[in-house]
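The primary structure of each chain is shown beneath.
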Amino acid sequence: MTALLRAHEISKRFPGVLALDRVSFELQAGEVHALVGENGAGKSTLVNIFAGSLRPDSGTIELEGRPVQIRSPHHAQQLGIRAVFQQLSLVPALTVAENVFLGRELTAPLVLRKPAMQAQSLARLGLFDAGIAPTARVRDLTVPQRYLVEIAKATLEQPKVLILDEPTASLTDRETRVLFGLVRELRERGVGIIWITHRLEELYQIADRVTVMRDGRHVATLPVSDTTTDRLITLMTGREYEQIYPVLRPLEANAPVALEVRDLRTVHGLRNISFALHSGEILGVGGLIGSGKNLLGRALAGLERATGGEIRVGGTPIALDEVTPHRMLERGLMYFPADRRNEGLLTNRPVLENMTIAALERFEVLAALLDKRRERRAVLDFIQRLAISPPNPDMRVRNLSGGNQQKVALARGLIRDTRVFVLDEPTQGIDVGAKIATYELLHELARQGAAILFITSDMLELLHVCHRVAVMFQGELVALLTHDEATEERLLQYFFGHAREEVGRTGVDAA
Amino acid sequence: MSTPREVTTGRFASSGRSVRVRGLIEQLGLLPVLLVLLLLFFSIASPNFFTRANLSTILTQALFLIIVSVAQTLVLLTGGFDLSMGSSIALVSIVVGLQLLDHPDTPATGLLIATLVAIAVATGIGALNGLFVALFRVPPFIVTLAMMTAVSGLALKVSGGVPVFGLPAYFSNALYIGKVVGIPVPWLVTILVLAAMYLLLHWTRFGRYWYAIGSNAEAARLSGISVRFYLFLAYTIAGVLVGITGLLLTARVGSGEPTLGANFPLESIAAAVLGGVSIRGGEGNLFGAALGAIFLVMLRNGMDIMGISTYTQMMITGGLLVLAVIIDNWIHRER
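Protein chains in written order, with our numbering: chain A, 1 to 511; chain B, 1 to 335.
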């Protein structure tokens, strides 16, 4: 039987990395083929090549047995390959119907047939029962709603190949079930579906086969029924569980509270946030995209304005209108944004300046002059301790790998007296080796008495790196579980809002 | 983790030369090379160019542009720029001229008042720019373009559109011809400005913060830097330097001129960019900008000697600026 889509020995090089190294992949008609792997494994690069956004350096692609060269996203669509990425391709200022039909509007010779387009959009979207009006402007929709519009757009004309990049990441449980239904229906009609996901548990519900990628290479392709989550993780990371996550040291019984938050609420909809973070503790914060877990970090740095509640650092209350990055830094709390390139680092400045920028007053002599020798010594010391490579303080940060960039960002907190680290997705986009180094560093910091708020989308990190896990759902902190209580099933229940506990009462005092 | 790293070398080998050239230009700037080429070219083209007298003329002429370019560099580093420097110099010139007319016979008082007024006026304009950029988040282009227009109008209105003539002779004697410890005053001031700004930019936290803000304002903010304050400060200090230039330039021309320095904003940006200061902010240094200023003045001088018309010169200078920005893009494009 000829495969619907067959990629043979695809390679793709980016400056500094070989993103795909002779990867072969095969998709049958009427199959849901899951694609899994760590960030940076090459999944996105591969599907971007199928979707026409990238051209391979070498290798061949066959569609229904005929060799094709996919020249552009437009060409991919003509061939019947549609992709729905996390980065949505909707025009916010246009209506839902206008977006669905963008580029292939129905016309009666010259005039747009708006009612017909609206009716067809409605028929598509009706499947989801999500209350999306075809005349609504996309900018007024929520993130999951936008995602559904994007899927409606992609499936308007039945594609041959449908690529879904982490489709359930922003969906609630109910929307996920509807999406599963739609995907099964498309599968029965012979559509081949590539399903990229980080949620291994959902494979068993929807996928037929799974391909594992690691470091730009094809590792294995297996029928889903033949595999287990543990096995997949080992394949994805190339390591056993125990090798990845350092041993969690138990918290000291009477560790002081480093950061206490009570009933925090903010302009963009965080509410009911109460927790206490102790010295030496790593508190994980999980939740779906849009659950507010990232806003929590921003709120603690003063980037998201708090409208009510209390924040105490080291026991000292901080007036809400004084919560600014500057003031929180003075109190010993530093926030590390997820988007390191755009928010965290001075990418065109050298490592040295990046490391000391928040601690220059420590290197001042004679009123205002910088003691550059002492500064350089301190920086070299941290470069060595964090094993930053290459160990060159004058290298521009943009030329470092993602993992080393992350180390430089963390060093900025280490070089001054930081007692509370608020980290937003610190392991996003870095390879396994750098992840392990990051976990070890966090544990080391905790051992030395730092308090760490670890915001992450990675379920395994919540389960294995943290002393306790807080779960956010629709802007609220709905659960605080100890390491022993936190299981994947339990966390997911909280993630999707099936369960909640009274955190305000029980959570703050439980350590 | 080691595998993708190793592959890196392979990639760079294929386009190694271009990367090496870019790296070199990034470090040194393109300018020293261009400067030497220009020197050679004009020396061959005209026997009157490479003479001690002419080279000294070039440097003396360049002093004013050097100070303005350093001021412009300060603002460029933070990711902004200042178009109002020229009209600021014009207003300084007029106000200084009018003040001097009131003190024809008292050099000490006259010089003191002229200096204070010059710095106050230009610093005020710089501070206003800074206020709008930092506090009200108006894009620097809009703020300084508006400021340029408004201040230029003010200068013309105050002067009635005609130069202020009849300045007391002690003024030019002191600030243009005068010497302190054997060094002409404009030279001395330029050297002091360069030294002070070098210290500020590279040996204090102020400089680090300005570079940081221009490189990534959000990251700077998260590092506890008060971005607004330092932006305000950058425009204000640039104002101080513009005031000094206005004062020296008025002493040089010997009258209060309502259109003095009109070319400075563009020329100073051109000089800075030629000298390796990035228009995106966060990159470059003041010595590059100073070299850029010398380059531009030398170019003008050489073309004058060769008898190239002013109009053609303007076209060449314009083309050069575009070229500098293209090179800037090429050096800083993502790798």
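Please note that the accuracy of each hint is not assured.
Which chain A residues stay away from chain B? Per the calculated CB distances, all over 10 Å, these [unchecked claim]:
(1) Arg305
(2) His326
(3) Gly344
(4) Thr347
(5) Glu489
Estimated spans, in silico, between C-beta atoms of each pair [claimed, not checked]:
(6) B/Leu188 / A/Ala367: 22 to 28 Å
(7) A/Leu366 / B/Arg228: 23 to 29 Å
(8) A/Arg139 / B/Val322: 33 to 39 Å
(9) B/Phe136 / A/Leu106: 43 to 49 Å
(10) A/Gly238 / B/Leu199: 51 to 57 Å
(11) A/Ser11 / B/Glu218: 32 to 38 Å
(12) A/Arg139 / B/Arg228: 27 to 33 Å
(13) B/Asp304 / A/Glu330: 54 to 60 Å
(14) B/Asp304 / A/Arg71: 39 to 45 Å
In short, the hints are calculated from the structure, not lab data. Please read these numbers as outputs of a predicted model, since none were measured by experiment. For each residue, glycine too, the CB sits at the ideal point set by N, CA and C.
Going down the list of hints, with the structure as the test:
1. Arg305: holds (14 Å)
2. His326: violated (4 Å)
3. Gly344: For A/Gly344, whose nearest Cβ neighbour in chain B is about 5 Å away, the distance does not exceed 10 Å, so it is violated.
4. Thr347: violated (7 Å)
5. Glu489: Non-interface label stands for A/Glu489: nearest chain B Cβ at 32 Å, farther than 10 Å.
6. B/Leu188 / A/Ala367: 22 to 28 Å: At roughly 25 Å between Cβ atoms, A/Ala367 and B/Leu188 fall inside 22 to 28 Å, so the hint holds.
7. A/Leu366 / B/Arg228: 23 to 29 Å: holds (27 Å)
8. A/Arg139 / B/Val322: 33 to 39 Å: For B/Val322 against A/Arg139, whose Cβ atoms are near 37 Å apart, the range 33 to 39 Å holds.
9. B/Phe136 / A/Leu106: 43 to 49 Å: Given about 47 Å between the Cβ atoms, the range holds.
10. A/Gly238 / B/Leu199: 51 to 57 Å: 52 Å Cβ-Cβ, so the 51 to 57 Å window holds.
11. A/Ser11 / B/Glu218: 32 to 38 Å: With a Cβ separation near 36 Å, A/Ser11 and B/Glu218 satisfy 32 to 38 Å, so the hint holds.
12. A/Arg139 / B/Arg228: 27 to 33 Å: Once the Cβ atoms are compared, 29 Å apart, the range 27 to 33 Å for B/Arg228 and A/Arg139 holds.
13. B/Asp304 / A/Glu330: 54 to 60 Å: Taking Cβ atoms as reference, B/Asp304 and A/Glu330 lie about 57 Å apart, which means the hint holds.
14. B/Asp304 / A/Arg71: 39 to 45 Å: 54 Å Cβ-Cβ, so the 39 to 45 Å window is violated.
Violated hints, listed in ascending order, are 2, 3, 4 and 14; each of the other numbered hints is respected by the structure.
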